[in-house]
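Going down the list, the protein sequences come from chains A and B.
Quick note on numbering: the first sequence equals residues 18 to 401 in my numbering.
Quick note on numbering: the second sequence equals residues 18 to 401 in my numbering.
Honestly, the hints are just simulated from the structure, not real lab data.
A hint or two may mislead.
One copy or any two copies: either way a pair holds, since identical chains are not told apart in the list.
Claimed, not checked - EDC-like, lysine to aspartate or glutamate: derived pairs with alpha carbons at most 20 Å apart: (1) Lys210 x Glu253; (2) Lys97 x Glu221; (3) Lys398 x Glu354; (4) Lys129 x Glu177; (5) Lys357 x Glu42.
There are 2 protein chains.
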Amino acid sequence: ASGTVAIAPNGNPEIHAEEFEVLSECPLKEENGYPFTPKQSHPPDYVREYPHLRSRIDYMAAVFRLRHRTLTAIHNIWTKMTFSITPILTPNDCEGAGETFKVQPDNEALLKEMKRPENPLEESYFDKKVFLSVSGQLHLEAMSYGLGNTYTISPAFRAENCKSPLHLSEFHMFEAEMGFVDDLEQLTSFVEKLVKETTNVVLERNSEDLALCHKKFGDRSFDWIDKSWVSLSYEEAAKILQNHKDKFTTILKDDEGFSKEQEMFLVQHCNSPVFLIEWPEKIKPFYMKQSSNDSTKVAAMDLLMPDVGELVGGSLRENNYEILKSKIPAGLEWYLELRKFGGFPTGGFGLGIERYIQLLTGVKNIRDVIPFPRYPHGLSKSYT
Amino acid sequence: ASGTVAIAPNGNPEIHAEEFEVLSECPLKEENGYPFTPKQSHPPDYVREYPHLRSRIDYMAAVFRLRHRTLTAIHNIWTKMTFSITPILTPNDCEGAGETFKVQPDNEALLKEMKRPENPLEESYFDKKVFLSVSGQLHLEAMSYGLGNTYTISPAFRAENCKSPLHLSEFHMFEAEMGFVDDLEQLTSFVEKLVKETTNVVLERNSEDLALCHKKFGDRSFDWIDKSWVSLSYEEAAKILQNHKDKFTTILKDDEGFSKEQEMFLVQHCNSPVFLIEWPEKIKPFYMKQSSNDSTKVAAMDLLMPDVGELVGGSLRENNYEILKSKIPAGLEWYLELRKFGGFPTGGFGLGIERYIQLLTGVKNIRDVIPFPRYPHGLSKSYT
Chain A
18 ASGTVAIAPN GNPEIHAEEF EVLSECPLKE ENGYPFTPKQ SHPPDYVREY PHLRSRIDYM
78 AAVFRLRHRT LTAIHNIWTK MTFSITPILT PNDCEGAGET FKVQPDNEAL LKEMKRPENP
138 LEESYFDKKV FLSVSGQLHL EAMSYGLGNT YTISPAFRAE NCKSPLHLSE FHMFEAEMGF
198 VDDLEQLTSF VEKLVKETTN VVLERNSEDL ALCHKKFGDR SFDWIDKSWV SLSYEEAAKI
258 LQNHKDKFTT ILKDDEGFSK EQEMFLVQHC NSPVFLIEWP EKIKPFYMKQ SSNDSTKVAA
318 MDLLMPDVGE LVGGSLRENN YEILKSKIPA GLEWYLELRK FGGFPTGGFG LGIERYIQLL
378 TGVKNIRDVI PFPRYPHGLS KSYT
Chain B
18 ASGTVAIAPN GNPEIHAEEF EVLSECPLKE ENGYPFTPKQ SHPPDYVREY PHLRSRIDYM
78 AAVFRLRHRT LTAIHNIWTK MTFSITPILT PNDCEGAGET FKVQPDNEAL LKEMKRPENP
138 LEESYFDKKV FLSVSGQLHL EAMSYGLGNT YTISPAFRAE NCKSPLHLSE FHMFEAEMGF
198 VDDLEQLTSF VEKLVKETTN VVLERNSEDL ALCHKKFGDR SFDWIDKSWV SLSYEEAAKI
258 LQNHKDKFTT ILKDDEGFSK EQEMFLVQHC NSPVFLIEWP EKIKPFYMKQ SSNDSTKVAA
318 MDLLMPDVGE LVGGSLRENN YEILKSKIPA GLEWYLELRK FGGFPTGGFG LGIERYIQLL
378 TGVKNIRDVI PFPRYPHGLS KSYT
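Chain A with its partners taken away, still in its complex shape (with noise of 0.2 Å):
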């Protein structure tokens, strides 16, 4: 094959072939099932039911890139800290919630084979029940102790029959854990360098990638780069929603958290995103330490971002022994030992990778913005 580089009238480069060779053939549609047409734009909807061939469609490839981009951005960005494997398979149900997926061997022969007396049958593998995890911030907060400051960007899992565009039952989310943080401006701060370096990075180095998503799922704004970000305590938001409730149709109920529009109206409110601090200590997670100054608070922060909502969770950990030991659940007794023998105070947080790719891209339905999306009666159709 050969030939030679061109300018085209439009101004773009291209290539006139003296000859070429054919590797290999793709007949259209109509002759061999092949779902794409040429110079047709396909939605994500009819692409979606295609996602073995959906990465050869160039809007998708140009999400997938973004992805790539977006991981190794944290990773470069973030040399100081080190990368630790949290597990998948755990005994842990986390928070308890119902919402995990239950895993044993396909194998009846070898459970039967490996049973022990004291344990059921559909415990013999590990000799314990198993669940994917739905957070690895446990087992990283273990982690943090030998390594210091440390972060996962692994897989999580939620058995949730949730249509929504914005879940997924297979997701991923970027969790670190820091040392020496007692306050939760220091948590804020470094998450909104970390959303504003990571960004940049993306904008720099694929910005042809980003041009052709927003001209398909429509343009953004990424002026939030140049602000100070807002932070509202739990209390000031709810004030705020209040004196505007004629704004939004979702019903405001005391201390149990916001709508996602209620969340939309507060970062448009504030014409920035918003750090929700300060949190009703009964709707959060056992692990979140207990305010200084009012015991029915805890030091969690909530990340609401434009267009999408929620983007990062974090807190700081409690580390007082006895609270902690006065509330942690039956069989994390060792997370409890992670308290007991020496440490310093911790925090932490979790951002989804999905949501993020989808403020960058503006994709509308998560399921766009990972390869092979998990999702409740989602392989009804698909094998791959």
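Given chain A, put chain B in place with the hints provided.
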């Protein structure tokens, strides 16, 4: 807290504290159950009983920092390849060897609520039986047609009842797929470069961690970095073994692969890492490319390393549609379609991350190169 930095009599720096603050106490073992004694070197199998605490042990933290360096080195060296996510949940039981874990929601009410008449109860959630991935390869191949050279670093799972110090139920693989590859030598030279360059980065950046490991687990030679590595066809290797069958105890069988002992002999005999290429078709998976000059062989390669044996396995992929069609397992029609709709010759491989860390560090048991190891009966004592 304040103090001055000084040089100790042995030449090492030390801090002379003038005052200090105790953030958190850790009384000794007898008093409150801390399992480790300062300045005593506990053996790995004792330390392994406390996975949530063992990152506090110096040599374990060194192993985990070496893991971090390995993974970030891979991301930084292969910047021209695109990082892809491959799914953990999959309806494909891959090679159908019955070594898979099956997955379902731990919530029978949810399964009943979601059940469709055509599906059994345990398949209600996804409408298919779902397994944990044993390899990301097939999905990664699908991505390579859209993204070009692509790789993933992902957990993989095997439900084997295997007590070997070289196997885990949950482990990690670096897997890569490359386009326009039609010669095994392209793959072997890529793998040789990958292993050498990654190791050079680790040796340069984490020499103290390596020294600590080698002091604990025994010295290692890395003289293979400066050698050109040997390639042997399966037939050549079988002949060498036949000529030296008095040097090992396992029996040499025709076309059934080699034992660990035989692999180690080949490495020793060649005084080099060994690529075993051109394998008998019948002992390799369906997706490997038939050799052009012998239809009973496939263009496969295994890399055997000193100390650990097989580190990498890979092949050219069968891109002849008719040959692949004759071998494709049921349920993998989507994989066959990758060859139907245009493409290019591809090849790829997988490298076991834990095996590689064993190669670097000399850690004998693979359970000690991963923070929270998962293996048969491995949770009998631990809830971590």
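Here is how each hint holds up against the structure:
1. Lys210 x Glu253: neither (24 Å within a copy, 57 Å between copies)
2. Lys97 x Glu221: between (23 Å within a copy, 16 Å between copies)
3. Lys398 x Glu354: Answer is between: at 15 Å across copies they meet the 20 Å cutoff, but 47 Å inside does not.
4. Lys129 x Glu177: So Lys129 and Glu177 pass the 20 Å test across copies only (13 Å; inside, 31 Å).
5. Lys357 x Glu42: The answer is between: 8 Å across copies meets 20 Å, while 65 Å in one copy does not.
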